[in-house]
Amino acid sequence: MLGFIIQRAIQAVAVMVVMSVIVFVGVYAIGNPVDIVIPPDATQAMRDEAIRRLGLDLPLWQQYGHFAWNLLHGDFGRSFVYNMPVLELIGGRLPATLELVLISIIFAAVAGVGLGVYAGVKPDSWIAKAIMGLSILGFSVPSFWVGLILILTFAVSLGWLPAGGRGETVTLWGVEWSFLTLDGLSHIILPAVNLALFKLAMMIRLARAGTREVMLSDTVKFARAAGIPEGVILRRHVLKLISIPLITVFGLELGSTLAFAVVTETIFSWPGVGKLIIDSIGVLDRPVMVAYLVLIAFLFVMINFTVDLVFALIDPRIRSGRQGA
Amino acid sequence: MTDISPPQRATSPVTLFWREFRRNRPATVALAVTLLLFLVAIFAPLIAPQNPYDLAGLSLMDARRPPGFVGSGGYTHLLGTDPQGRDLLSAILFGLRISIEIGVMAGAIALAIGATLGVVAAYAGGWIESLIMRIVDLQLSFPAILLALVMSALLGQGKAQLVTALVAAQYAYFARTAYGAATSERRKDYIEAALATPLHARRVVFKHLLPNCAPPLIVVATVQIASSISLEATLSFLGLGLPVTEPSLGMLISNGFPYMMSGRYWISVYPGVMLIILIMAINIVGDQIRDQLNPRLRR
Amino acid sequence: MTPVLEVSGLRTEFRTGAGTVPAVDGVSFSLMPGEIIGLVGESGSGKSVTGFSLLGLIDAPGQIVGGSVRLNGTELVGMAPQELRKRRGKEIAMIFQDPIATLNPLLTIGQQMEMALAAHERLGRRAAAEKSAEALARVGIPSPRERLSSYPHEFSGGMRQRAAIAIALLHRPAVVVADEPTTALDVSIQAQIIAEMKALARDYGVAMIWISHDLAVVSALASRILVMYAGRIVEEGPSARVLRDPRHPYTRGLIDSLPSATRPGEMLAQIPGSMPSLLSLPPGCAFAPRCAFASSACAARPDATAAGDRAWRCVHPLGQDRTDQKERAAS
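Sequence lines, in order, name chains G, W and E. Heads up, the first sequence is in our numbering, so the first residue is 12 and it goes up one at a time. Heads up, the second sequence is in our numbering, so the first residue is 631 and it goes up one at a time. Heads up, the third sequence is in our numbering, so the first residue is 14 and it goes up one at a time.
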């Protein structure tokens, strides 16, 4: 088990190094940030001064060296636009995004597994067909359009829920949270549903496909032959057997939900990192872009690492099989 | 590709496939819708009541009018007009054309690059295989939308740039699929035997590895074309896709967004409906093909 | 003595897009307490579906459409699902072919036994563990108490099947349906398990229906044999006599294709042709197209002929006047 963890940890570090190089080169090789930080009527001297100050006169590998060195010391650079440390900037926005992402993915997982298992147990019922229709819809309709329709319906036409912003927040552990106040909660419902819909569709499909397969398996037949009630079979056999693919996808989707938060945050003016990155892309604020991407890559690596560990906890074959095989 | 088989050989795989496909009514309808939309996209300039790019024909007096409005040209705008005074129906038809064009182009290029990489990795083995597949797997663990977002931000606006961003975001799915199918075939004894004689290498790749990859690749291609179209719309909505002069469906929706709050819903909603019908139809067709090609679900 | 299980006219059909498949077509037999009978046939003959039908475990699109299954005098066909569930595992149990597929790889053996126990009785955790360990010990698993916390993959193939058998026998059911339980095992372990099953059946007074395609295995175990072909029982009788002196040409074919019936160096005999599709069965005897003795009389569906403790469905039964039969077939 320990060897397994160490092996995965080394892999994770390697991936992080590769990602930071790709992100750095990708973002820094294209575009010219100098034009952003100096006024259009600047003299050549001011221009050169800015280039030197930003370190852009150095060769690319030296720039990366500086960048990586600073990164390791927790220094992600300063935003060209906001003129403040990027880490502080992102750190201030991150809770809003995490709050949104976690609420929507938990909703998607709970509702998705429930609906998917139902559709898998009774594939021919009309409810199952309706659930599958919903999932095809959730898969096909672009997330931003759903956002628009949600706003149009619940904010503009019905006026039940606010169309944007975080609403009232409460400070807990030095961080502001929306979901702890009624007003904040009303603000989070629409964006969370919007963000959850695609994952919900995916969870439904996976849970349904897994359930259908497991329900026809000998394990379930044998359990039925032993007279075990259907409810117990569902809870103890089916849910456990379909959990492995579900957890993989759940982990991977946690990352992609973070990415899709960019769209949702833009539509609902949710002040998280997603909105920040879109704004930064618009003005080519490179330190922010790089820091965001490195951060996302880091989160991804951590999530994959955790998923591997959870696997080992659920599946006894991996736990013991690693040393043997 | 020879899809047309002589009538006396009525039980060719294609015929059998089609016979089974036809039994699923929703999928058949979806296929018909997909084909219809593709035809509409191809012939949009002939069908559309107005040329939305012809600036001379536009009047700002006619802008943002509701469906059924009779414009200054005496023409009835069935779906209303957009902020530039364009007939929305015409704009949608041209938008559909651009969306499909981008989606199919990105899908085809990603398929070509991805399938090549996958088959090469499976065929070459060794360090080439590990290198290619490591990169592909790394990329697959990263969300496509983020990659496309950053790519199109860095490359700037334009059709070629957008297609490049979409291809970069999607080739890995094809590579993974082709690799999976090709390795499972490659492990079979007859391929091992054929590979031992170097003369047959090319034959093996073209006669055995590639055809074996075709069914799963077809499935991935349908899904990926739908997702390219969706991704393109998303990027355009965020203002990172196409220039304003070439409005895809996503761009039309984006243009209408600010007017939604004031109740002028149609500018965003109708292009959106078209977009959804297109993506859903392709997805349902793709689902059916996958179900038919998946032997595990067969009874 | 009254039979513990009486099956009569059992019919199970599968409705598919291509038509209705009569997988079990009017099967009747009875089983005495403690008796072991063998149900033999090629794959697709309907023997497994018969087994599942007895427990009411037919998945859609399959359905029991007729007949009766009486267990200890109670009719099971048409019984409410809840009632049927209470009898499964307690009065009638089933063992499957592949223990790797039947046991859940993610739960310990102890957890799986506990679930099977909880299905029919309320027991404390400790009592359940006690009872499970006992059951494992009875099927010959060493240090059963420690083994309760093992996962299936930590068991060998034979041990896994023993654990599955222990689960099936937990409540000492009156009838056990064993669907090819040794086919997936090594030959050496096969013999062991067969011997143990025989002993268990004797000790507990469990009646058993042993489903197999392997006549040799069944003859070592069962007192009576039912031979099934295309959903119907074509011959039944005491094992030794059926094997020595079969009536139905199909049974003859099965016996001749046993390796023991062949001398070294000789080709293994085969029944020519293959099972007809159940979608398009010939109107008469389903075996006629493959039968060397078939005549125009076989175009009508043969009724069962009973003689003493034997019965067969064939208009040209072997054995009694065999030379006569051959001549008629040749002409």
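It is worth saying that the hints were derived from the structure and are not from the lab. It should be emphasised that the depicted structure is a prediction, and the values quoted were computed from it without experimental measurement. Even for Gly, the Cβ is constructed at its ideal location relative to N, Cα and C. Keep in mind that the hints are not guaranteed to be accurate.
[Claimed, not checked] Listed next, the in silico DSS-like pairs over lysine-lysine satisfying Cα-Cα at most 30 Å (straight line):
(1) G:251 x E:99
(2) E:144 x E:211
(3) G:251 x G:140
(4) E:211 x E:103
(5) E:144 x G:133
(6) E:144 x E:99
(7) E:99 x E:211
(8) E:211 x G:251
(9) G:133 x E:99
(10) G:251 x G:133
(11) E:103 x E:144
(12) E:144 x G:251
[What the hints assert, rightly or not] Just the calculated beta-carbon pair ranges, DEER-fashion:
(13) G:63 x W:810: 47 to 55 Å
(14) G:138 x E:131: 26 to 34 Å
(15) G:18 x E:170: 27 to 35 Å
(16) E:137 x W:755: 32 to 40 Å
(17) G:53 x W:757: 43 to 51 Å
(18) G:171 x E:95: 38 to 46 Å
(19) W:647 x G:69: 55 to 63 Å
(20) W:844 x G:138: 30 to 38 Å
(21) E:46 x G:18: 55 to 63 Å
[Said to hold, decoys possible] Chain W side only, calculated, beta carbon under 7 Å to chain G, not exhaustive:
(22) 762
(23) 763
(24) 765
(25) 771
(26) 775
(27) 787
(28) 841
(29) 842
(30) 844
(31) 867
(32) 888
(33) 898
(34) 909
(35) 922
Discussion item. For a quick check of understanding: which of the numbered hints are violated here, in increasing order?
Written reply: Result: hints 5, 8, 16, 22, 23, 24, 27, 28, 29, 30, 32 and 35 break, sorted rising.
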